[in-house]
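**Q** Join these two chains into a complex; the hints should help.
Chains G and S, in that order, are what the protein sequence lines are. Residue numbers for the first sequence follow the numbering used here, so the first one is 1 and each next one is one higher. Residue numbers for the second sequence follow the numbering used here, so the first one is 1 and each next one is one higher.
Hints listed in this document are in silico derivations from the structure and should not be mistaken for laboratory results. By construction, the Cβ of each residue, glycine as well, lies at the ideal position given by its N, Cα and C atoms. Hints are not guaranteed to be accurate.
[Said to hold, decoys possible] Some, not all, of what chain G presents toward chain S, calculated at C-beta under 8 Å: (1) Leu85; (2) Ala89; (3) Lys90; (4) Asp94; (5) Gln215; (6) Ala216; (7) Gly217; (8) Ala265; (9) Ala278; (10) Gln283; (11) Arg405; (12) Val408; (13) Gln409; (14) Ser416; (15) Glu417; (16) Leu419.
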Amino acid sequence: MNPSSSRRTALKAGAITVFGAALPFSGAHAQSRYAKYAGQTVTINIPAHPHYDAMVKLIPEFTKETGIKVEIDKLAIGRLKEKQLLEMAKPQGDYDLACYIVMWKGEYVAKNLVQPLEPFFANPALADPGYDMKDIIPIYLENLGLVGGPKGYLAGTGAKLYGMPYGAETSVLAYRRDIFAKLNLKVPETYEEFGKTLRVLKDQSGIGALTSRGQAGHQCVHAWLLHLNPLGGSVFDDQWRPRFNDATGVAALKFLQEVVATGPAGIPGFGQGEANTAFLQGQAAMYLDSTSLAGVVNDPARSKVVGNVSWALHPKGVRRASQSGGLGLTIPKNARHADAGFLLMQWLTSKPQDKAVTRLGGAPMRNSTMSDADIVRQYPEFIVFKEALKYSNPDWRPIIPVWDRINVQALGVGISEALTGKKSAEDALNGLVAPVTAIMREAGYKV
Amino acid sequence: MRASRWTVAGYIGPAVLVMAAACLYPVLTAFQLAGFRWDMGTPWSSAVWVGWDNFRAAAGNPQVWQSLWVTLLFAAVCVTAEMLLGIALALALEHPVRGMAVFRTIFILPMMIAPIAVGLAWRYMFDAQFGLINALLGLAGIEPLTWLADPTLAFVAIVVADIWQWTPFVFIMMLAALAGVDGSVLEAARIDGARWWQQILLVKLPMVMHVIAITLMMRLIDAFRVLEVIYVLTFGGPGNSTEILALHIYKTAFIGQQLGVAAAVSVLLLVVVAALSWGALRLSDPLKDSA
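Extracted from the complex, chain S is given alone in its bound form (with noise of 0.2 Å):
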């Protein structure tokens, strides 16, 4: 029996409209915003439309273009890693090992941790002086190491803090697609006479591919998204090397107050997330999939 098209609008309808609500009023929002030269504090009434001004303003500013090339870079870095390290974590605890409920409660506590704590118990571990990072490394007889007051080292530090933070994150969707991966397609790999690696590389991990994609979608937005950390940890500092592009639009709409501005920079943040997402989800879509 065929719904009718009330019934599936009637089972569809609030979600679309709580999601049109919560989703699509603060982008429609941002974009109207992006028109306006309007101060925080002072009454929208104020507001004065500049039309593309602000769009202008941004796209001739080298430090959105500074922030942006940053993002990329660190996106491309924590994310790259994170997937590697949390694909090898989950495969390597996939098994039943003893105690493997206690690693698996160890691994994704870092995740739970507010992002402020994070950037704060980070900042003190990279602390010059009395870092434990550069005690660790003391004991290798390596001398003390100034990671926020470099811009490299800076980069470095804030590239470890999300690796930390969201490894885990990748560790629980890889360990629970791997949980529904079909044993007996491993077993006829098996007698085909797959060695572990050629089951990891050409059974397993095509098997999961889809769950992979949606990884690799998530955290890249969120590499994108991720402010607090790096507020606390080097306030984009030393200059200007560790200032993604949250950051910047931070600084831009709440220490510069140009709220128009920075609604610009979002739009153009918005581009670039929706393109990699993109490219994500080329490498396999689940939604075309199950079409």
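Chain G with its partners taken away, still in its complex shape (with noise of 0.2 Å):
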């Protein structure tokens, strides 16, 4: 048995043990459990993101179906940590529900600023007997709800789950059909492959070859993360020593160096939106990264490339290793309606509603939603997401307390000032090992 598969039975039958215990109590129809809180007005915090746009959409279902009301907060997702800890820190807050980024997690768990999950779905008069925890896709529910652990963020003993992964997502490789096929091209799987494919495409398709991110901080190290794991590097060692000036790390900036000198216009600027921008309208023919395009590439509206887009696994390195990441929800210890801020998380991460805001646009969080019929003839290239579930990297990037000053105020300037040839690859990552580490240090890591 490989670490990875060890490492989801573990959760599994953990998730079974904590949750599953609770099953038997459990039998309180559906109209009992929400008829103490009807009437009660639940303040969930979201994000401007298609999946929360696809959200709210069910939300007057919610209240329909259960008497409680929702108070929806939305903000521009650069600003809603700032908000969600001033919000947290009050003695009572205004969000009974908060949707965080997976890297926030260890840092509200350390603040203590979030309540664990377990003591809802072990009350009887609060859990869904039919909520089948075993059906969430299970490195989601890691990497997104795990908190603890020997690393911290990861599965393991003493984990503790804080929340459920709802816009959740891994990365896949997006390609322009059409143009491979006048190209005569082969859909890369290897990172050589890759590379060749890059210049090609840059030579002969007359556009960029792949898109990405590249903007100054969490985006262009976000985009090195991408080629960083599946060619066999990681942040940091076991020891939590730096070790992305390796050749790893070297080889994966001069990667994502090449891939700007091939793809379209402006990278070292573009964030998520201009590169997923740059691919549904025409000016690139390889996409690598989330797979919540999948919403808007066959949308008319947004999209110049409908009909033409097909997708594959993120290619393979000496490793495949897929990205872990995105949202999830949370309920904030100070929290006024907390247990109806539970029920609204309940209902959402249900089996039918996950399947009703995929419908919409959302991205899937159950193994029942990524294989219903339904839903794969509206979205065939679930087939192709649920393969690339299976090298999903729940260590992607350290998601420590401390990992987005990391990301944002080291890494992301020193990578990007590599992306615009201020500095060489090896000079730019050589040149962070220092304020890293003592930044590490400064955490209490003994490095």
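**A** Next comes the structure, spelled out in structure tokens:
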């Protein structure tokens, strides 16, 4: 048994043990579960994001079914964390449910700002007996939900569930099958083939080869991590010492520099929006990033490449290692209506609502949704996505509490400088070792 | 009749109290915060007194000095261009012209738009693939430029956005000041044979120098505080080529979670802005002259 499958088995077993124990006592009917909270107003904080745009459309049905009203506080994703930190630090906050980016989970738990979910799921008055925790895609549950354990952010002894995946994603390759057919190109399966394909597309397709994020800060680090993982690298070694400047780190950054050189013009300024737009507007022949693009790629209002896009697995380097990340839902410690907030979270992540949000263009978080015949008919790419999830790396980035600082204020500056040509890949990464080590020491790591 | 001290205190007292609450309290809080290590989202009781450590950390961080340099360059270029353009526009449009009300309204529109919207609008306009700027350059036969992907061009982009938004402020201030210039003085200058440029440089502008000084000071202060437009347009990049001090403070506080260090850098920013404002007022201090 390989380590990732043993981890999944352990995760499933843990989930069954923790949450299955409550099932015999959870025979209450849905109506009685909600009756006590009817008339309450749950405030949920969400980002402007396609998955949550789809979610908003489901809310009237929730209120109709439960009598619980929902107030939505929608913010630009970049402003979400500062507002949440301010709200969650108050003795009693305004949010009963909050959407977070995976990178914040460790920090929120370390600051004691969010509640563990086990007591809610173990409460027969609240838990839905048909919830089926085992059906939730294990990698999403681990990556988005678990905090604690040996590394602090992965499954293992001491790990607890603090959030549910909702808007989770992995990475896949999207490509223009019309251009690949015209140029008689094979879809790259390995990084070696991938690199060669970039050049061919640049020289022969008339558009950029691969679109990519590249803006300073989180965006360019995300793009670099997409290549670092399959090439066998990681940010830290087992003792938390920086190893991102080793041969694999440099190779990943050089690959990203090649992506910039062969891609649509302007990648070092691209956020996720610009990177997606370049592909959707026909300026790039390939896209390697979040599965969230699937919701819009065949929407004629937003895409000029409708009907011309096929999907493939993230190419393999020395290993297959696609992204793990995205968004989750958590209950703040100072929530005024924590139980009602939990009921909304449980309802949104239930089997029927996961299918409903997926039909509306959202991201599924359950295996049953990914395998549903009607859904697969609507989104045939889910066959590839399901396969990609087998290779999703839960340790794709070190989601320790200081990761955001390392990500944006250290790596995000140096990598950006390498993408504009101000520094070589080696110089950029070597120059980052000292500041990253200093941040780790300041955070209490003995490195 | 001389008013008693108590009467004077009664009149200005409320204003002083409001000013103290609204202005002084946050400044003093920033000074206090600069002495502590405190993570946002944790109770204040967990804050640890660190004395001057945050100031030492700020002073020892090369990114702070790089950001200060970017800020000074940004402020110098933007404010100089805005003052020259604003004064020139005001001089050009000070006389009654047909449709003037429409012109004036159009000119002040940029100032009324929320900075986030300004940032987004310019981000689209500077887009390398689909942006309006490159489309216009294309009409002139110029190859598309990767505005936000090149350190120099990205700096130009943030300067252009700021000039576009804040030149109208200078324009309005100068228009109001020029309207108050005594016509008889200009008449006398004309009779004495002054040419048009002599009337402007030697008569009109010296007469409105107080307003120029105040406008310059206000623009300098604003140029040091600008955040949203650059946050949206470049997020300080590429590298940290457009990371002005306000954005550095934002990142240090809200991403790095180092509120104490961010407060220490804010104090540095306050000192720089105060020094520059003092310099601007040295040009012509309206309070001094009216005393």
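**Q** Now look at each hint and say whether the structure bears it out.
**A** How the hints compare with the structure:
| no. | hint | in the structure |
| --- | --- | --- |
| 1 | Leu85 | holds, 4 Å |
| 2 | Ala89 | holds, 5 Å |
| 3 | Lys90 | violated, 10 Å |
| 4 | Asp94 | violated, 15 Å |
| 5 | Gln215 | holds, 6 Å |
| 6 | Ala216 | holds, 2 Å |
| 7 | Gly217 | holds, 5 Å |
| 8 | Ala265 | holds, 5 Å |
| 9 | Ala278 | holds, 6 Å |
| 10 | Gln283 | holds, 5 Å |
| 11 | Arg405 | holds, 4 Å |
| 12 | Val408 | holds, 5 Å |
| 13 | Gln409 | holds, 5 Å |
| 14 | Ser416 | holds, 5 Å |
| 15 | Glu417 | holds, 4 Å |
| 16 | Leu419 | holds, 7 Å |
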